[in-house]
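Protein chains: 2
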Amino acid sequence: MSKAKKNPSSVSLDTLAIGIDIGGTGTKFGIVDRNGNVLFQNEISTRGHAEVESFIDELHVQLSELIERSGGSGRMRGIGVGAPNGNYYTGTVEYAPNLPWKGIIPLAKLIQNKFQLPTVLTNDANAAAIGEMMYGAAKEKKDFIMITLGTGVGSGIVANGHLILGHDGFAGELGHTIIIPNGRFHPGTGKYGSLESYASATGVALTAVEMLEKSEEDSLLRKVPKNKIDSKKVYDAAIENDKLAKEIFDFTGKILGMALANFVMFSSPEAIILFGGLTKAGELILKPTREHMEKNLIQVFQNKVKILISHLKESDAAILGASALVWEMKD
Amino acid sequence: MSKAKKNPSSVSLDTLAIGIDIGGTGTKFGIVDRNGNVLFQNEISTRGHAEVESFIDELHVQLSELIERSGGSGRMRGIGVGAPNGNYYTGTVEYAPNLPWKGIIPLAKLIQNKFQLPTVLTNDANAAAIGEMMYGAAKEKKDFIMITLGTGVGSGIVANGHLILGHDGFAGELGHTIIIPNGRFHPGTGKYGSLESYASATGVALTAVEMLEKSEEDSLLRKVPKNKIDSKKVYDAAIENDKLAKEIFDFTGKILGMALANFVMFSSPEAIILFGGLTKAGELILKPTREHMEKNLIQVFQNKVKILISHLKESDAAILGASALVWEMKD
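Order-wise, the sequence lines are chains H and P. Mind the numbering: the first sequence is residues 0 to 330 in numbering that gives the first Met the number 0, read in order. Mind the numbering: the second sequence is residues 0 to 330 in numbering that gives the first Met the number 0, read in order.
Next up, chain H with everything else stripped away, as it sits in the complex (with noise of 0.2 Å):
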């Protein structure tokens, strides 16, 4: 390696990079440095916006202002953006079951063309496993799946140290996987049974419900209407002990314990991250889970694989992670 002196006119000022994560519900953007700092942050509707387009203009006034509160435009290397069914080969958004824009949307040219900078998509899972091997808990990992458990369930699956994307860059849909065969409907895919049905945020609540029909036992939330009935309101109850609140819990543990096993029986990695809204609920998701996938394992894997919950402070890992992919662009 050469040992000359740096020439400081070659140290670039455009360190920051811009990371956007299109949720269901929300999208959080953000500038982040090289460091993960993120130094300005803020967050729109996504589903008020039925129109992609209306979508992009707001996105892109209220990320201005930030952009110039960052010392402008100048300085932005790139944006990544992580969103649901985000293809990275044609930064396309494709029939995405949880967005209000249907068909095949270029997304990554829509922003890149409006903010006359470099735009890289991808799956919004898949960009929040780039953050957590850039900063967080698969620090130094190679071969780890990220679940989010959020409205609906995301993955992010990395092998070998790298994401696998798959032929036409779509892998790692683990949230539709058919975990109990003719099981509840989602509405968003007009499939029975899979693991997004049950395990997101979603899922709890309907399966709140569910029991409360079924079930006789006494419960805090036989106080709540049906219709107000969240995953935040069984924990509130599962913390004062409710019996039925816990087993709501115990229940979405068993399914999400049963398909993390087979994950785990297709790529073998060292730890599942767990990250989003349901992971708050610690031990009274995570004790079921770790126990029903262990029971679901053939013994060459069991009592090997670490369920973990990121590290990363939530509302800067989504946009920490969608930033990362920046980093990662060609020059």
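Calculated from the structure, these hints are not laboratory results. You can trust all of the hints, since none of them are fake.
Given that identical chains are not distinguished, each listed pair holds provided it fits within a single copy or across any two copies.
Each computed SDA-like pair below joins lysine to any residue, with the alpha-carbon atoms no more than 25 Å apart:
1) Lys141 x His166
2) Lys245 x Lys286
3) Lys140 x His161
4) Lys140 x Thr91
Use these hints to put chain P onto chain H, whose structure you have.
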């Protein structure tokens, strides 16, 4: 690159490889040249050897004869072994449910010591996947899944052009993934509802017995004593247009198709390559498999993934796959 003439004395004669494929019932082995021609081959019983040492003794006797006929040990570059639960990193076979030897067996080392030739070992289905990539249906494919439908169900997964081995070398045990929770018991693993318990030759025979008991339908299979029913007899009845026999394949294809859908949503392969005895049933099993795979895929994956039957001559393929490991050995 140098254009100097090759020194003839540097042209090595050790251009043959030994391939050994260890299955639950029998073990096939042969001598293979660089172009994938199996020069000599033979087979011994696996099941007949309660002790691994006596197995290796017989293997040595039988293989030595082929080695002599091929010009002696000096022409052999090494030995590649495919075995259920075989581990590429450690050279061991660990807790293989379908082999007579229990616990952790240092198989590569035992073979290497006996033959005094460098030996590399992997999962039998991983070996088959490498064979398909070098000589078969997966030529020039970078993302595919190989599924072997024999006595058991094995798998080898290739993503980004590389085998997925996992952090510990045990990845790709898709036969043991749970497809029907609380489903059929698998005596080898103690688990319920795995793919292997339905979509193997053993599984088809069990389905036949179950369906004959449950149904009133007349069937050619009713003439066969229950303990003599095997997948071949079900096939023979199905091509005679036996309704119940066709239902057995429909059911098997339904389970296999559901499983394949889950695998596709994991790694989004360009193709799934099927290999082994059950594939002889052709469209009888392929049609329901394809149909139920598509039915369980979310839209973004539909009508994209080819289900192919291995091109390789069945008697050669397992040996070819194992021998292919040798060409990938480092000098």
